[in-house]
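Asks: Could you build all of it, start to finish, from the sequences and the hints given here?
Protein chains in written order, with the working numbering: chain A, 1 to 218; chain B, 1 to 238.
It cannot be assumed that every hint is accurate.
Just the calculated beta-carbon pair ranges, DEER-fashion [to be verified]: (1) G165/B - T2/A: 45 to 55 angstroms; (2) R160/B - A25/A: 35 to 45 angstroms; (3) P11/B - T2/A: 34 to 44 angstroms; (4) T215/B - T71/A: 44 to 54 angstroms.
Hints were generated in silico from the structure; no laboratory data involved. Every residue gets a Cβ at the ideal spot worked out from N, C-alpha and C, and that includes glycine.
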Amino acid sequence: MTRTDHDLLAAHVEGEADAFGELFARHRDRLWAVALRTMGNPEEAADALQDGLISAFRRAGSFRGDAAVTTWLHRVVVNACLDRIRANKVRAAESLPDDLEEYAGRGALSTTEPDQGPDEAALASETRAMVINALNTLPAEQRAALVLVDMEGYGVAEAAEILDCAVGTIKSRCARGRARLAPLLGVLRTDTVRPTTPGNPPETGAVSSSHPPRGPPD
Amino acid sequence: MIAIPEPELSPAQNEEVRRLLADARHEEPMPADVASRLDGVIADLGADLSTNRAAGPAVDPEPPASVTPLRRRSKLPQALLAAAAVVAVGFGITQVLPSGEDGAGDAGSESPNSSSLSDDDPGAADQDSGAAAPDSQRSDSQRTQPRHLGRERSRTLLSRVPLSGLSPGFESDSELPASSCGPRRLAEGQRRAAATYQGQSAVVIFHPVNNGERTADVYVCGRGSDSGPLTSVTLTGP
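Replies: What follows is the structure, encoded as C-alpha cells:
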C-alpha cells in the first residue's frame, strides 16, 4: 500500500532511513520548477533546493500537520530561495542570466513541445526567455507569488500558506508583479497582435485592378 | 533594481500576462545531475541520522555543523565560524586548534579525542574499537564524527597509501561528489578522503585499524556508487 506524505514524514521523524528520500522523490520535479523559476538560473536553484532540502530533513519534527506536507515542503524551499536571493541581492538584480542559452541547450530551461516545428519552437523559446528575464527583474517576494499562483497554478490561499502571509498580500504582490511585467512583455501595446503561427499571413487572392495588364516592353 | 512603472491593467491585459507566465512554466523533470546531487545529500543526511540516532530524537532541530556544504567556497569562512562555535561548546577550543583541520564539519570531529583515525597517536587502535562499539555506549564526541577528513589528515594518510599516482585532491574533502565517488554510505569507523589517482578524481576510503593495520580502498569518480574499489591496499609507515 502506498503511504501518504504524512506517513512518510512521520516515518522519517521516527528514524526510518529511506522515508525522506521517498517523500522528496515524489515532489522533487515540482519543487525544482518552483526553485528554478524563483531563482532564475539552474545553479542558484540547485543550491537553494539543497538548502531547503537540508532544512526540511532536519526540521521535519517541527511540522505541525495542519497543512499538506507538499505545502510545507514548498514553504521550506521557497524560503530557502528567498533567503538566498536576499543574500545575493546584487547578483539577483541582474536581469539577464548570461548562461540562459547554455542551459537551454542542456534542457534545463527548454520546454520545447515535441510536435512544434522549428519556427514555432524558436518563437516559444524566445517568448519564454523574455518572460523569465522579465520575471527576474521583480522583487523576490512578487516573483515568488507569481511563480506559485500564475506559473504553478496554486490558489491564492495556498500560496499565502506557502509564503506565510495573508491572502490579501498575495493578491497585492501578484497584481503589482503583473503590472510591472506588462510593459516588459509588450502587453500594453494596443496594436499587439500575437500570431498563432509564425511567418507571413495566408494568401487572400489577387488584388483587383482597373488597368489592363501590361505586356513586356517593345 | 530598475524602477519599473506599474500601470493599471485591464482585465484582458491582466489575463494576457497570466497566460504568458503560465506558458513559461517549467514542465521538465529535475535534471539528472541535480537529482543525483540531491540524492547524495539525502544519503549523507540519512547516514548521519543513523549515526546520531542513539543520542535521542531521530530528527535534531539544532544539529551540529552541517555535513553537506554548499557549492561555493565563499561560504567556508561562515561555516568555519559555525564549526568553531560548536567545537568550543563541545570540546573546548584548546583541543581543536592543534589539529589543524579545515572544513566546516571537520574541525570538531577531528580533535584528538574523537577521531577514529588517530592511529598515528598512541591508543588509536582502542579508539577504532570504540567506534565499532554499540551506539548506546558511544560518547557524544564519537557520535558527531564526520565522515570526511580534514586536509592535513587526508594528506598524512594519503601519503601512507603505497600507490604511485595518488595524491590529495579537491580543495575540501567535503566537496566530494558522494553519489559518484565510492560508496554512498560508510560503515562505522570508515573515513573518506578526496584524492586524484593517475590524473582522475578519486576517493580513498580508510578502514578502521584492524590487528594493527589499516587498509584503504581507492575509487575513481564517475564509475558510479555501485562499482567496487579500483584497488585496495594496506597503509605503510608509522
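Asks: If you check the beta carbons of T215/B and T71/A, does the distance land in 44 to 54 angstroms?
Replies: holds, 49 angstroms
Asks: In this structure, is the beta-carbon distance linking R160/B and A25/A contained in 35 to 45 angstroms?
Replies: Between R160/B and A25/A, where Cβ atoms are some 40 angstroms apart, the hint holds.
Asks: Honestly, do P11/B and T2/A meet the 34 to 44 angstroms range at C-beta?
Replies: Roughly 42 angstroms apart at Cβ, these two residues keep to the hinted range, so it holds.
Asks: Look at the Cβ atoms of G165/B and T2/A and judge whether their distance stays inside 45 to 55 angstroms.
Replies: Because 49 angstroms falls inside the window, the suggested range holds.
Checked against the numbered hints above, the structure breaks none of them.
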